[in-house]
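Listed below, chain by chain, are the residues.
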Amino acid sequence: MIPAAFDYEAPSTIDEAVRALAEADDEVKILAGGQSLLPVLRMRLAAPAKLIDLGRIGELRGVRSDGDMLVIGAMTSHYDVQRDPLLNEHAKLLVMATDTVADPQVRHRGTFGGSLAHADPAGDLLAPALALDAEMVIAGPRGRRTVPAAEFFVDYFTTAVGEDELLCEIRVPKYTGWHAHYEKFNRVAQAWSIVGVAAAVRTDGHMIAEARVGLTNMASVPVRARGVEQALVGQEATPEAIRAAAEHALDGTSPTTDGNADVAYREHLAKVLTSRAVSAAATS
Amino acid sequence: MRITVTVDGTRYTDDVEPRMLLVQYLREQLGKVGTVVGCDTSNCGACTVHVDGHSVKSCSMLAVQADGSEVTTVEGLSRDGRMHPVQEAFHDNHALQCGFCTPGMIMQSMDLLAEDADPDEQTVREGLEGNLCRCTGYQNIVRAVQDAAHRMRPGAGPDAERVADETAMSEQTRAEVRQS
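In order, the protein sequences belong to chains F and L.
Throughout the first sequence, residue numbering follows the UniProt record's numbering, covering 1 to 284 in sequence.
Throughout the second sequence, residue numbering follows the UniProt record's numbering, covering 1 to 180 in sequence.
If you're looking for bench data, these hints aren't it; they were derived computationally from the structure.
Among the hints, a few may not be true.
[Said to hold, decoys possible] Here are the simulated lysine to aspartate or glutamate pairs, EDC-like style, with alpha carbons at most 20 Å apart:
hint : chain 1 : residue 1 : chain 2 : residue 2
1    : F       : K29       : F       : D155
2    : L       : K32       : L       : E17
3    : F       : K50       : L       : D15
4    : F       : K29       : L       : E70
5    : F       : K50       : L       : D67
6    : F       : K50       : L       : E17
Work the whole structure out from these sequences, hints included.
This is the structure in structure tokens:
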């Protein structure tokens, strides 16, 4: 199908984009990579009056190092995330989760910031961003503000980004030397996660010194599995200890039933996948 | 809105509606019907083309987003009346039944071979995960991609060289194309 008609603007700087947002009086949508938005427009599930395309804004692309943080431009494509040397060295969890997103064609167009701002609870990058304590830098008419991931995801498809604002970069602490794994459960290739678990651990010999665990699609927003993290710290990375820690995976979750899985099955998956993700990370 | 796009080596300048999808532009405005629409839900990959050297689903991109870009479709692969080695490998290995998924399969196969010149079976299958064959003819498709890799490896002969020439065609204006 063909989208309903809309006006289109492609600013070339963040400031221009913010101005364009402020000037738009009708319903406006920001176009990032378009891999979620365009299907929605084609199916006429949305018909915004105007699209503001961020694709021409060079300053929104790329990854750089800033002291003990990495700064990821919101319009950095999944493909570029997968191959970025800084992310591979200091935030492997984001790379591993990105590897599982959709398919190669979608990863060429889709963007890191676009996925986070779209905030689909089944999206694979939300839980890793939350687990790694990422910070979202949001630009708007009153300048820039920084929102921690824990406050960024508000509800289904809803974030802290206001109507006159846009997500411009994501700051992630460096997890140099940490081990990571993203365990995704879905039925067929390129499908959305039924449940996913993002795990990063720092080991000291056989001991787990620190752990970060986030869950995909176990609530309307990604869930930080702090109970699992606490149970892992100071333990030897044995299958028994990891399975015991994974029993805490349901803390703070509120999964729903849909065509893919009911609540009980999602809860079962959350524990099993947590165990697998942590084991894979700890032994990698 | 006015856009300028190079498609299969020819430069076009056109006024398009912002809502026009890239695949619509290719098929309806340029007549490049070799690129097909299979599913309308971004799943099937039949509409895969290359934009600036990377595979994309042209049903999930606006024509205006391609402004200034170089687009290659399945129609731009043959040279001097000879098929591209990937096309030849699909032909020789019977890598199609109804043929509807073939344009997208070939374009995505070229993308995956650019990433990995000698992929194993698993790599081919994962590289094609965004392309569906409703005839389920995957066995021969995978075989064809590996055969194409074999044909295109260094020293495989002049066919391999043509891959690098993909974007090296001369530019023509739309008017010149219409005259020809």
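Each hint tested on the structure:
Distance check on the hinted pair: K29/F and D155/F sit about 18 Å apart at the alpha-carbon level, within 20 Å; holds. At roughly 18 Å between alpha-carbon atoms, K32/L and E17/L fall within 20 Å of each other, so this suggested pair holds. With a C-alpha separation of about 18 Å, the suggested pairing of K50/F with D15/L holds against the 20 Å cut-off. Proposed proximity of K29/F and E70/L is contradicted: the alpha carbons are some 26 Å apart, above 20 Å.
Note on K50/F and D67/L: the hinted pairing holds, with a Cα-Cα distance of about 18 Å set against a maximum of 20 Å. For the proposed pair K50/F and E17/L, the alpha carbon gap of about 13 Å is at most 20 Å, so the pair holds.
Of the numbered hints listed earlier, the single one contradicted by the structure is hint 4.
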